[in-house]
Amino acid sequence: MVQKGIMETCFLRGLLLVALAAWTRGDGGRVTFVSELSSKPAQKLTKYGWYGNVRLQRFHVPEETAVARWLFSVTKGHSFDCGRHNVTIHIRWGAPPVIDPIGSKFPDATLRVPGLSLTLPVTSQGSATFNLSDPAPGDWYVAAHLPEDDGRIEQKGFPSCSYFFQPQLSIRRAVDTPVLQQGALLQQTAAPDDPARLKLYVPEFTSSLSVVVSDCSSADGVDVGTCSLVLRLGSASLQDDPVTVNCSGTGCSAALANPPWDAWLRVNVESSRDNRTVSFTVVSNYTVGCKPEGVGLAPDDDVDKLRGNSSHGNATVAGNGSAAADATAFRNETAAPACVRRVPVLCEEADVLSVRFAPVNGPDVDVARARPTLLSYPLHTQASGGTLNLQLALSTANVTLGNSSVVACLSPWVPVLTINHSQPCRTALFGGYGARVNASVPKALIRLPFPLSTTWYLALQLGCDSSDCGNTSVVSVAPEVFISACVDDCGTYGECRLLRSYSYLYAACVCKAGWSGWGCTDDSAAQSVCRQLAATLLLTLSNLSFLPAIAVAARRCYVTEASVYLFTMIFSTFYHACDQPGVAVLCIMDYDALQYCDFLGSVCSIWVTVLCMARIGDVLKHTLFMFGALLIAMAMQLDRKGLWNLLVPVLCAMLVMVTSWVYRGVRQRHCYPPSWRRWAFYLVPGASCALVGVCVYVFAETEGNYFYTHSLWHLLVAACVVLLLPPRDKSREAQGWSRGWSWSWRPRVCGYTLCESRKEDLYMGT
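Reading the sequence shown from the start, the letters are residues 230 to 995 in my numbering.
Rather than coming from a laboratory, the hints here were simulated on the basis of the structure.
The C-beta atom is built at its ideal place from N, Cα and C for all residues, glycine as well.
There's no promise every hint is true.
Here are the simulated distance ranges between beta carbons [said to hold, decoys possible]:
1. Leu860 with Ser917: 25 to 31 Å
2. Cys881 with Cys924: 21 to 27 Å
3. Ser917 with Cys881: 18 to 24 Å
4. Ala579 with Arg729: 17 to 23 Å
Listed below are the simulated DSS-like cross-link pairs for lysine-lysine, each with C-alpha atoms no more than 27 Å apart in a straight line [what the hints assert, rightly or not]:
5. Lys305 with Lys385
6. Lys870 with Lys305
7. Lys276 with Lys870
8. Lys276 with Lys305
9. Lys269 with Lys385
10. Lys428 with Lys520
11. Lys672 with Lys334
12. Lys276 with Lys385
13. Lys334 with Lys276
14. Lys273 with Lys305
15. Lys870 with Lys273
16. Lys385 with Lys273
17. Lys870 with Lys385
18. Lys269 with Lys305
Generate the whole structure from the sequences, applying the supplied hints.
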């Protein structure tokens, strides 16, 4: 079923244009609608532990879309019963959704806009739809995940409950929406199921916008002069609703203060009465009453000058110089008609998801009481996958501020040009984020994970809400705005990782040592340093249990096997010392190299132990040792955590052992090994240790008990090796080994030739 769904996805990929027989009366014509369909491939869902477990998909909704309909399908990947699971789906416009399914604490000064969340119960398969009228144009993001991770460690290759998530989007879009021009009357008709759809362009620096509906009349001529209409301005973005006005009487109007700049605004007029078609006249007007006067960027400014002013080395000099120049500019421009002072900003892309903005005249900008200072920060789509940081610092010294404060408002699409203590930091259609600095609180910080991909505006103004406002009219403030991948680089107990959903890049924190949260700052379940140290010591010192196995192998003349066990013990010890999630970490080399050597040594130890039990000839045994080690090394390079990388060497070695034992048993006409004591005291206990160890390793390990269960795995494997290693081969004494262990190894020399034989009494001199 999953393969069939993937084939259907490949078939539906792209946009399928289908003509739709739906028409709406326009200005002397008709509005034509078309349908488009886009689909994403099915992706396997995982339980939520951090944002990397989320399956993120991006859809593009074009302009003039009337209806967007998402279809979410979830299919189970296996036939056995997995019970009922709830799949959580998050939807957000403009940027990926900022979610917190486990209820952890966000870092200080971190603000977020919650998106829409849907829950889809699934047993074997399920589907859900979500319809949205008049959606905001641009990128829409859909994120899905299973419930919170229970901490159980699932071994790769074992069958488990798997679910596949596939979203699809179908839209109904108008292709010839009438344009509402500035000051031009437009005759329209609205029916209950057929609203009038218009659009108007809002230029930059627009301070206010109004849309007026008048001259209403019904088609049957009954209600003349009665406007039973509903006027809506804007689009639905789930976070902010359109401005809605119910018309009555002879007409109505809707006014927007601070409408979005340089954007198309949607205007919908609907009939509020059933079976009543209303004709009306609509007109729009906007006011550009606040054009700024640029400061700091003259026609003769070149790139070298800008680059020098924005560098860190000249930041202090440039800031001091610009402070005096800007103060003079404020004094000279008191009577200027401009109501806002705009400061040019230099954008510098340092790395992936790393963008810094700096005023071209230095880090400090002057803020006056008379009019606001405006800075703009354009964010492209790729920057929405990081974190927008605003650090505001009061840099003016030795001035009398009194109760005055520098009020800041950071808003998308359009700035808030009227800043005071009573008016909230909000534009006509979008919310903003406010901050302030004063003499008692000289610094302020705002963090926005996954900001909207648009132009952000920072408006600054000196204000006062009491009688003691001080004697200062201009102060200097250092606004620092930058995009970082994660919040504070995830702190001490986190790691910032770059994630990718096809061509879209975004970042998230993966936490360790029990810490959680968006920036790994929630210590409600954090491990103490003593517990971290105990876990490190237990996982590393448990590898010393291989010392008896090494000694037994060396005493029984299995030198090759002993060297493999020594290799495994050393690299397993240092791998677990480097693999710890907390501060008790010791890495002697690259983590990936340590992990590779640990996995290689573990599988090779099993390989050589089982082959040693087979009691085959030395030439064949060492040939299989080397050939198997090379194949295991190749398999580990391809997929070191794969289940078959362990099963195939074990099964092959056991096949060789069983074949050798059967051959010996048939030849001797007796069960092999022939001693019942060997079976009772060594083979059966050794096999039991191996079985218990495998069960602990596969089924009992969780993130909470990992250092207990994995240490037990080390002990059981070491005990298994000691019990399963066969007794010493008597023929090895003929190769120079004395009876028992001795540090004096003296081969018997016949002249210049080292003589050897299968029997000790055949040594003779010539």
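So which of the earlier hints does this model not fit? none
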